[in-house]
Amino acid sequence: EIVLTQSPDFQSVTPEEKVTITCRASQNIGTSLHWYQQKPDQSPKLLIKYASQSFSGVPSRFSGSGSGTDFTLTINSLEAEDAATYYCHQSSSLPFTFGPGTKVDIK
Amino acid sequence: QVQLQESGPGLVRPSETLSLTCTVSDYSISSGYYWGWIRQPPGKGLEWIGSFYHGGSTYYNPSLKSRVTISVDTSKNQFSLKLSSVTAADTALYYCARQEYTYSSLDYWGQGTLVTVSS
Numbered sequence: 001e002i003v004l005t006q007s008p009d010f011q012s013v014t015p016e017e018k019v020t021i022t023c024r025a026s027q028n029i030g031t032s033l034h035w036y037q038q039k040p041d042q043s044p045k046l047l048i049k050y051a052s053q054s055f056s057g058v059p060s061r062f063s064g065s066g067s068g069t070d071f072t073l074t075i076n077s078l079e080a081e082d083a084a085t086y087y088c089h090q091s092s093s094l095p096f097t098f099g100p101g102t103k104v105d106i107k
Numbered sequence: 001q002v003q004l005q006e007s008g009p010g011l012v013r014p015s016e017t018l019s020l021t022c023t024v025s026d027y028s029i030s031s032g033y034y035w036g037w038i039r040q041p042p043g044k045g046l047e048w049i050g051s052f053y054h055g056g057s058t059y060y061n062p063s064l065k066s067r068v069t070i071s072v073d074t075s076k077n078q079f080s081l082k083l084s085s086v087t088a089a090d091t092a093l094y095y096c097a098r099q100e101y102t103y104s105s106l107d108y109w110g111q112g113t114l115v116t117v118s119s
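If you read the protein sequences in the order shown, they are chains C and Y. When the letters of the first sequence are read in order and numbered with our numbering, they come out as residues 1 to 107. When the letters of the second sequence are read in order and numbered with our numbering, they come out as residues 1 to 119.
If you are wondering where the hints come from, they were derived from the structure by calculation, not from laboratory data. Just so you know, not all the hints are guaranteed correct.
[Said to hold, decoys possible] The following label-pair restraints were derived from C-beta to C-beta distances: (1) 40(C) - 56(Y): 23 to 31 angstroms; (2) 8(Y) - 105(C): 31 to 39 angstroms; (3) 53(C) - 3(Y): 19 to 27 angstroms; (4) 18(C) - 116(Y): 27 to 35 angstroms; (5) 74(Y) - 76(C): 39 to 47 angstroms; (6) 8(Y) - 54(C): 30 to 38 angstroms; (7) 25(Y) - 80(C): 43 to 51 angstroms; (8) 87(Y) - 39(C): 24 to 32 angstroms; (9) 92(C) - 56(Y): 40 to 48 angstroms; (10) 10(Y) - 10(C): 26 to 34 angstroms; (11) 65(Y) - 57(C): 33 to 41 angstroms.
Everything numeric in this text was worked out from a predicted model, so none of it was measured. Backbone N, C-alpha and C fix where the C-beta goes; we use that ideal spot for every residue, glycine too.
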């Protein structure tokens, strides 16, 4: 099973600040890495698929990069509505697995 | 766009079988895509349970495989999850979702339904 680790666990940021979240895979997964945003009491929503492809309707301030074992989700110019927990997810091999999440709080 | 909605009992007794249904709107399950179940214990992270392709393969998380069955009813455009011999550790929010390919992202999710295992 591929294990995903995320850092940091928690980040408190001010509006307009840049946020960087990393996800590391326990083995090479190519670009089969996806990012989701989950706000309190809501289901996860797909932001980025295949490491760097923005999903339909996602604001342009969200971007992703990386390949192999190291990946990054970047939120440029954070907005208050971006307060959420962010998860990475690998679909390179079964069973699909998720990272533990990074909670982003607005100062 | 496609919409998914989970339904089922919110309380299940220990050792019994958890049964949930996902109703899909604005897209026919038999037309394609993969469909799956994911769960999230309260305050914790996400765990993939299993996925299927109508007319094709079904695959499960090995950690749950001995207790899980996913099936489909195309006449109702629904798919279902059954998890047997439940314990308190199975208490979670259960989500259904759509995935584009066998090995792909989960692009649309239901709102989730909370199932509590308790006597």
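Checklist entry - Quick check: which numbered hints come out false for this structure? => result Numbers 1, 4, 7 and 9, in rising order.
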